[in-house]
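The end of the sequence shown is residue 251 by the UniProt record's numbering, with every number in the run present.
Keep in mind the hints are simulated off the structure, nothing from the lab.
Computed from a prediction, not measured in an experiment: that's the story for all the values here.
Where hints are given, some of them may not hold.
[Said to hold, decoys possible] Pairwise CB distance ranges (calculated):
id, residue 1, residue 2, range
1, R234, E49, 57 to 67 Å
2, P218, K73, 17 to 27 Å
3, R104, G216, 27 to 37 Å
4, A150, R100, 48 to 58 Å
5, N26, T120, 32 to 42 Å
6, A237, A215, 17 to 27 Å
[Said to hold, decoys possible] As a list, the in silico SDA-like pairs of lysine to any residue whose alpha-carbon atoms are at most 25 Å apart:
id, residue 1, residue 2
7, K123, R48
8, K136, T192
9, K46, E59
For each residue, glycine too, the CB sits at the ideal point set by N, CA and C.
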Amino acid sequence: MDPEASLLPEQELASLQQRLTALSTNARAALDTAQNDLASWATFGKLREQLEALLATLEPSEEKPATIRALRKALQSLGRLQEEAQRSQPLLAQLSEAARVLERKSGPATRDLPGTQAKTLSKRWQEAMDDIQARKERMSKALADWEAYAQALARARTTLEAREHDLAAMQPLLLDVTAAENALESLLSQVTGEPLGKQVDEAGRKAEPVLSYLAGLPEPAATARRNRAPSTSRRHAQLQKSIEQHLQGVR
1 MDPEASLLPE QELASLQQRL TALSTNARAA LDTAQNDLAS WATFGKLREQ
51 LEALLATLEP SEEKPATIRA LRKALQSLGR LQEEAQRSQP LLAQLSEAAR
101 VLERKSGPAT RDLPGTQAKT LSKRWQEAMD DIQARKERMS KALADWEAYA
151 QALARARTTL EAREHDLAAM QPLLLDVTAA ENALESLLSQ VTGEPLGKQV
201 DEAGRKAEPV LSYLAGLPEP AATARRNRAP STSRRHAQLQ KSIEQHLQGV
251 R
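All chains should be built: construct the whole structure from the sequences, respecting the hints.
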């Protein structure tokens, strides 16, 4: 047998073995690449789902608390929500990085998709944060206005009740015209001027922003609260009228 002829099958086998080895290596490399790409897409998808779930909790609310206590609780809740959202901010950076990784790996058809989705979620997150901050500012102002009004109204009502009591206590003095006239004039000056008149005026001024806030609340939640300032003004006007009538009677 020709020695050279016997070498031919061996060379062919060696060549085939090399080709099979190269094919296997290429297949493993392609599989590793595919698995790596799949893992990158899975990471991006998980981060995107986390952010979408967070954004769902940050949806703007049109609810307006109807009491000072409810306003305080709402502000506390908004503060906690804002802190939670701020703690999640690193997710945005992770999502952007995952999008850049995919952009480097993806073909022309899908290259822009991850980046577009990441930018959209980042914009929605910022809009949600801006909305929370705006709501906090509106509620903080409403609470400050309401607390100032409540204090002014309480002072006015306390003084008003005291002057009403004073008028009732004067009934025995009305028989003494001179004493009654002096007492009634003194009481009238307190009711129309300092302190009660100014207190009622102050309560009325501080009621304006609160009444504006309450105007947006549904009925009947705000009806009683809206009526407090006018009812105090009416009581004050009625007290002044009663004193003036008594004065006319003793003059």
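For each hint, the structure was consulted:
1. R234 / E49: 57 to 67 Å: The hinted range 57 to 67 Å holds for R234 and E49, with Cβ atoms some 59 Å apart.
2. P218 / K73: 17 to 27 Å: holds, 18 Å
3. R104 / G216: 27 to 37 Å: Violated, at about 51 Å.
4. A150 / R100: 48 to 58 Å: holds, 54 Å
5. N26 / T120: 32 to 42 Å: The hinted range 32 to 42 Å holds for N26 and T120, with Cβ atoms some 38 Å apart.
6. A237 / A215: 17 to 27 Å: holds, 23 Å
7. K123 / R48: Holds: K123 and R48 sit about 13 Å apart, inside 25 Å.
8. K136 / T192: violated, 39 Å
9. K46 / E59: Holds, at roughly 21 Å.
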